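Residues per chain, in single letters:
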Amino acid sequence: MLVIRRRPGETVMIGEDIEIEILDATHSQVKLGIRAPKSVTVLRKEIRLTREQNLAAAHEFSSVELDRLKNALGGTISRL
Amino acid sequence: MLTFPAGLPGFERATRFVLVEQPEYAPIVSLESVDCQELRFLAVPVGTLDADYSLAVNEEDLQRLGLPMERQPVPGSEVLCLALLSAPRNGPATANLLAPVVVNLKTRVGVQAVRADSRYSHQYLIPGEAAC
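For the protein sequence lines, the chains are A and B, in the order given.
Everything in the first sequence is counted per the working numbering, starting at 1 for the first residue and increasing by one.
Everything in the second sequence is counted per the working numbering, starting at 1001 for the first residue and increasing by one.
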């Protein structure tokens, strides 16, 4: 991992076309401004992970998998 | 019927879902899209996987849900919390505990509340599913 220290107002460039500017920084949060071509998707990491999981989750489960899953869950503590 | 004003990440236009429970597959439930016939997700209540699961819904999502922003909602009485299940072809099934689907029980409005912390995994391995 490349570690760079920047203060608010300073900028980092990634590749030819991507710029990240530190707009504001407090002890608990940093505000970033990102300039990138439209072809580059910029997402918070956890949103991207969730999006990928959702796409995987949208695929059908076979009844064999469903039964297996149901049995696996039967062994855990049930509480809504 | 449940309404998801922002859809789900990756499925932003799927705003209406029906929750279907089949007793023979309990506790697994399915979220079936009204807008897209082939789209459905399997899910389990998060409490089934982790009885001590601690919600961390952000302010924007609390607002979307129409819930007070000063505290986390109570699963079971105020909200339903479901973890979506994935079954990759060559691997064990996992549940997304990083981003539970949270539904306001009174209004039936839902959101997939993605956490910003890394306390829970988006690919939580379901105990009993791991290959021996």
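Honestly, the hints are just simulated from the structure, not real lab data.
The structure presented is a predicted model; accordingly, all values stated were derived computationally and were not measured.
Please note: incorrect hints may appear among the correct ones.
One-sided and incomplete, this derived list gives chain A residues near chain B with beta-carbon spacing under 8 Å [claimed, not checked]:
1. Glu10
2. Phe61
3. Glu65
4. Lys70
Here are the simulated distance ranges between beta carbons [as the list claims (entries may be wrong)]:
5. Ala1056(B) <-> Lys31(A): 19 to 27 Å
6. Arg1108(B) <-> Glu19(A): 40 to 48 Å
7. Pro1023(B) <-> Ile4(A): 34 to 42 Å
8. Gln1063(B) <-> Ala25(A): 23 to 31 Å
9. Gly33(A) <-> Val1074(B): 35 to 43 Å
10. Ala1056(B) <-> Val30(A): 16 to 24 Å
11. Ile34(A) <-> Glu1059(B): 19 to 27 Å
The beta-carbon is built from N, C-alpha and C at its ideal position, and this holds for glycine as well.
Hints versus structure:
no.	hint	result
1	Glu10	violated, 24 Å
2	Phe61	holds, 5 Å
3	Glu65	holds, 5 Å
4	Lys70	holds, 5 Å
5	Ala1056(B) <-> Lys31(A): 19 to 27 Å	holds, 21 Å
6	Arg1108(B) <-> Glu19(A): 40 to 48 Å	holds, 43 Å
7	Pro1023(B) <-> Ile4(A): 34 to 42 Å	violated, 56 Å
8	Gln1063(B) <-> Ala25(A): 23 to 31 Å	holds, 25 Å
9	Gly33(A) <-> Val1074(B): 35 to 43 Å	holds, 38 Å
10	Ala1056(B) <-> Val30(A): 16 to 24 Å	holds, 19 Å
11	Ile34(A) <-> Glu1059(B): 19 to 27 Å	holds, 22 Å
Hints 1 and 7, counting from the list given before, are not met by this structure.
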